[in-house]
Amino acid sequence: MNTLQAIILAIIEGITEFLPVSSTGHMIIASSFFGIAHEDFTKLFTIVIQLGAILSVVVLYFKRFFQTLDFYFKLLVAFIPAVVLGLLLSDFIDGLLENPVTVAISLLIGGLILLKVDEWFNKPNTAETSQEISYLQAFKIGLFQCIAMIPGVSRSGASIVGGMSQKLSRTTAAEFSFFLAVPTMFGATAKKCYDYYKDGFVLSHDQINLLIIGNVVAFIVALLAIKTFIGFLTKNGFKVFGIYRIAAGIILLVIHFFIHPLTII
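In our numbering, the protein residues as written are 24 to 288.
Since the hints were made in silico from the structure, they are not lab data. As the structure is a prediction and not an experimental result, all values here were calculated from the model. Careful: at least some of the hints might be erroneous.
[Claimed, not checked] Straight line, CA to CA, 20 Å or less: simulated SDA-like cross-link-like pairs of lysine to any residue:
| # | residue 1 | residue 2 |
| --- | --- | --- |
| 1 | 250 | 82 |
| 2 | 190 | 155 |
| 3 | 86 | 96 |
| 4 | 258 | 145 |
| 5 | 250 | 89 |
| 6 | 250 | 38 |
| 7 | 190 | 82 |
[What the hints assert, rightly or not] FRET-style restraints, in silico, Cβ to Cβ:
| # | residue 1 | residue 2 | range |
| --- | --- | --- | --- |
| 8 | 158 | 81 | 30 to 36 Å |
| 9 | 142 | 213 | 36 to 42 Å |
| 10 | 263 | 225 | 41 to 47 Å |
| 11 | 115 | 62 | 29 to 35 Å |
| 12 | 260 | 103 | 28 to 34 Å |
C-beta: ideal position from N, C-alpha, C; glycine also.
Can you build the whole structure from these sequences, using the hints too?
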């Protein structure tokens, strides 16, 4: 991986992390085109720079994020399902990360769901703010988040839809999804770094610099993306994201099967 590739991947991460389009899926696609997706450092990079994007939530929602212990316990309850399944299915998930076809199919299915989700959950009547979410609602949202372990599903999309299924408004569901991303991505980053070193890899000076650059770029881009997404989502809903996902999934499948195989195993 070179510096330009790292910057491009970080920009993609910053833009897509909080959109229901799958940041991991898009980075898999981009790194496949670059021909670097099979590299162990690339797999580490695409996870670690998500932490930079997630930290933008802490900055933008500083006063609302640092509140009561009760709110943090709810985040913990929502986070637990991802911890359990992440540990149990680690090898299986790593295998899926190496398959662009999985990403394409997930984009398609997720797109079809997003076309209808505003109709399915159009009567929010609980929790005016993310702090008012109940423990049971938090746990159910955490279960939805686990679906995003399949590349291409979208962590934010799954958890937002999970929140809307609990009768939260689009805005409240999105904000809780952002807050839940903080412990989730801290945990994912720590786990990936541990596995990387356990497998005998050591980061070089250049690789450390790439990780720093990637996190900084992802952080800055995500700062701009969050507010834009919240405003757009509140006003327009999910349909445009559903159309985008379907189009992206079809294009990826066409490229893979009819133009150039993107197999990166």
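Now the hints, each set against the structure:
1. 250 to 82: Between residue 250 and residue 82 the Cα gap is close to 12 Å, so the pair holds against 20 Å.
2. 190 to 155: 12 Å, holds
3. 86 to 96: 17 Å, holds
4. 258 to 145: 13 Å, holds
5. 250 to 89: Measuring from Cα to Cα gives roughly 19 Å; hence the hint holds.
6. 250 to 38: Holds, at roughly 11 Å.
7. 190 to 82: 27 Å, violated
8. 158 to 81: 30 to 36 Å: This hint is violated: roughly 23 Å between Cβ atoms.
9. 142 to 213: 36 to 42 Å: With a Cβ separation near 39 Å, residue 142 and residue 213 satisfy 36 to 42 Å, so the hint holds.
10. 263 to 225: 41 to 47 Å: Given a distance of about 44 Å, which is inside 41 to 47 Å, the answer is holds.
11. 115 to 62: 29 to 35 Å: About 20 Å separates the Cβ atoms of residue 115 and residue 62, which means 29 to 35 Å is violated.
12. 260 to 103: 28 to 34 Å: 30 Å, holds
This entry does not satisfy hints 7, 8 and 11, going by the numbered hints stated previously.
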